[in-house]
Amino acid sequence: MKKAFIIPILITFVVSVGWVNRHHSTNEPWVASTEQESQKIASTEESLIAFNTMMDVVTHQRCMNCHPSDNVPKQGLDSHAHNFGITRANAGNATNCNTCHQKENNAYSGVPGAPEWGLAPHKMRWEGLSRIEIAQSMMNRANNGNRTPDDIMHHLTEHELVLWAWEPGVDAAGNPREKPPVPKADYIAAVKKWISLGAVIPESE
Amino acid sequence: MKLSLNINNRPGTVDVDGDMPLLWVIRDVLDLKGTKFGCGKAACGACTILVDGDAVRSCSYPAKMAEGKQITTIEGLGTSESPHPVQQAWIEEIVPQCGYCQPGFMMATAALLNKHPNPSDDDIDQNIVNVCRCGTYYRMRKAIKKAAQIQAGSTIQS
Amino acid sequence: MAKVSRRKFIVRSLIGGAGVLVGATYLARNPLRRQLYDLLDDPSMLAYSGDTSQPFMWFEVTKANQVILHSPKVEMGQGTFTSMVQIACDELELDISQMQIVHATSATGNIDGLSTGGSTSVAGLWQPLRELSATLREMLKAEGAKKLSVAVDQVRASAGTIIGPMGSLSYGEVVEGVTEWEVPDAPPLKDLKDYKYIGKPVSRVDLVDKVMGTPMFGMDAQMPDMLYGSVVRPSKIGAKFKGADVSKAAGRPGVVKVVQEDDFVGVVATSMTEAENAKKAILAEWETDREWNTKDIEDMLLVGKGKAMVIQKEGDAEGELADENTSSVLRSEYKSPIGAHAQIEPNGAVAYVEADKATVMISTQVVGITRSEVAKRLGLEDAQVNIIPTYLGGGFGRRLHTPNAIQAAVLSKAVGKPVKCFFSRQEEFQNDTFRPPTHHVMKGKLDENGKIVAIEHQFSSGDVMFGSALLPPVVGTILGADGGAIRGGSFHYRNIPSFRAVSWRVQLPFSTSWWRSLGLLANTFAIESFMDELAELAGKDPIVFRLDHISDDVAGNRLKQVIKTASTKSGYQNTAVNNRAMGFACSTDAGTPCAHVAEVSLTDGTIRVHKVTCVMDPGFAVNPDQVKAQCEGSIIMGISASLFERMYVEKSELKPIIYGPYRMALMRDAPREIDVEIINGTGVPGAVGEPPLGPIAAAIANAAYRITGKRVRELPMSVV
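Chains as they are written, first to last, in the numbering used here: chain E, -12 to 192; chain A, 5 to 162; chain W, 6 to 725.
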């Protein structure tokens, strides 16, 4: 029972420290905020809100299912292992993603599809990572295909495979798939905002 | 819409809804019945064909995408007079029972041999993920290996 | 043995004059004359039940010297066509290339009044088909001799030719122009050793067509000017059709007509996809009286609930095992889930209904019943309906119910054109006639020497035979126990003072029926797992323990032979080595004993079957290669059912609705090695297609136990 208490306390502590540190880094007393400083606080808040909006999408199953850590694509809201034991090893093989998945959703079969349908590279594995870890990996040029923040912005807001999440089509039973919890326009705005504000990754959640 | 298709090296045009699964164009419009309908969900693999040499499940492949591609069905794989190595191996190992899923398996195998002329057991397990209810997998594995041998032999000869 | 008498052959003239049709009646034994339970143990009883009042067409001899055999049995992968050709060619003196085999249509009469199923086709036709073939051969000899102007004893038949001292005639030449035939009594049959094809691993007669993708299945059937239909089917258990709002479907592209009947609604369109799309726009209304979930089914299906019937009794097992609390009584419970047929070709039909006749092309295991059902619905006589059976894209019992034929016919009648109408895969999974779930209670007691004093198997199952088209309800009332559910449920260990088997019948709210081997898989899982449990309690080797309890009668000795051979052949060992172990199990089904040794490993909680050694004694293998193929297929289907397959009920819907979520064995799950040995124990063919399914689940469970020390008592097996 004791452990359960310790964890929330620790998190609270970390959050407070982070907040305090950030304001002290300017070497100015936090109580005497200038206009610039209040703008900064506002933009930090904006950035955080944008970050969280973006991450609500990124961590949704529609995105996470193809960013696995174990080379096994996942399916559905329960993120079960892809049926028929399909793995990354199938990529480039005779039976691969494109054996079933094409450039667009198929309303007859319920098989989802979009251009470049496939697993994210292993370096872009997200499964099991925290939002902060995902963002760090996403912005790390060693992991993200040497993309600049601007490149990432374009990728996240324009790539058809990413935007497929809002047009996920119907499942095998003909029922519409669940979309991410944020409307597409809000998500795109949030990504752009976050990148434009310097793509600041919060130090803690 | 009018579509120009090249199926089994025979070009032609069809006038169908472009979203119609290629399976039904092949079966009902072109009357090539060897490609089977099993589930319509790209799950069983009975409808597997080759698109530019790769395995594709035609029940989940809109007809419009076939334009400009080389489509091969079981009828184009080989004939009884001149069977494809995969078909020859299937005959030698007496693989089929009910036979319904077999064209899909043979097409998936042909695609496998395109990529892996000498597939390992792991290659076979990873690439042959169609469903057979009669349980002919045991003979199929033998036939796949034999097909690889036949194909290698015929390559050397030619 | 019934002889074919003279009047049993007739000759019909053939339109177009391409040859003659030779027909015959053959005495079909009435199954109801004997104890109905005998059906289960005597394969020949169920095997052939044609209409005896009319002559049927069996053979057609063409000018091109081909003999066409019109088969009363359907080919669903089991290889029956090949065996029939082997049998007929040997007695008819034909080269195998000179014979073709086709499904008899109901118009030609030679259809089986019961079904193709129960592993009985070759067994049942063994005697009649040889006699008919030999008789036709003698007819051809007599007529040939006449044409060659020599005495009949101067000619011989060989490779489709009647050879005389001075010349010869092909069978095609012999039959030309002949309108009256001398029909002899059935001549003596050849010795087994003299057969050229029978008993040999002849290649399948349908092999090349199946490898080339030749159209042959129900799904491939078509008729001129054909339209496509689709029928709305319920997704919920117990749903009764109340009506439908079809207004949104009627005007859709390609729609020819929306057809509403009292019991279903469907649509006819110019293509399959248009019909499917239009169907989605039909708003059907269903009435259900309650919600069902898996738990409800499991609660119904318990030993002690429903109606009990003692199906086997010797001594006083009830008394011996009455006190379950004594340490001397071992008690274990086992369970098996709902199973789907999941045959790859969906059910459907192509039907054309005209003013006074109907034609239906269909994959069916019950040609005669399909005909009667269609005729009844259309208000026609049976004779006005022609059923043209196609090759089946898998049977497994799924095609013993064919309402799809009726639906296609009704749609055709509504539009006046041929209509092709098939199930979707979701409809297949939700409207299957499922393998019923089961619950088993095993009890046993040992004496001080580790021998079984008493053993009991009580099991509860949904219906298999009851309620099926094959068995009128009244027969079910007389029988009391479901002949399908009890398959494999009684003990073949009869060297035990007291044994008893009790079947509990539960009627489930959804359709359950015949699934390859019926109750055999689940019942054998329970009995044979429990035998290992008892052997361990007795401190005995499982194989020795089994042999100790089998009686020394004919059936017992055949079983023992199979067990001993499997033990030797597999190098059976009773211990696990490096996370790998062997498990043994056996059963006798429909008179055919079979034993499996499964070699299994366990990695990360996953059971893998690496090798299965199978020894089976079907009496006599007409085609040893195809008997082996049936063993291999049964083993793999059995592995699939044992390790993976399970339907569940959620808010009245049976799920999953698709392959994948309905996990089945794939290539990677099949054993890399299957070593089959066939013993010809009697010289007479017996059951083949189902017996090897029996022991596989228990063999795997017994092997897994050696590794984990944990007994798996529920299918599909999960080992953590």
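No lab work stands behind these hints: they were computed from the structure. Be aware that a few hints might be false.
Said to hold, decoys possible - Listed below are the simulated SDA-like cross-link pairs for lysine to any residue, each with C-alpha atoms no more than 20 Å apart in a straight line:
1) K146/A to R718/W
2) K285/W to A94/E
3) K149/A to A69/W
4) K149/A to E678/W
5) K146/A to A388/W
Remember, it's a predicted structure, so these values are computed and weren't measured experimentally.
Could you check the structure against the hints above and give me the numbers of any it violates, in ascending order? 1, 3 and 5
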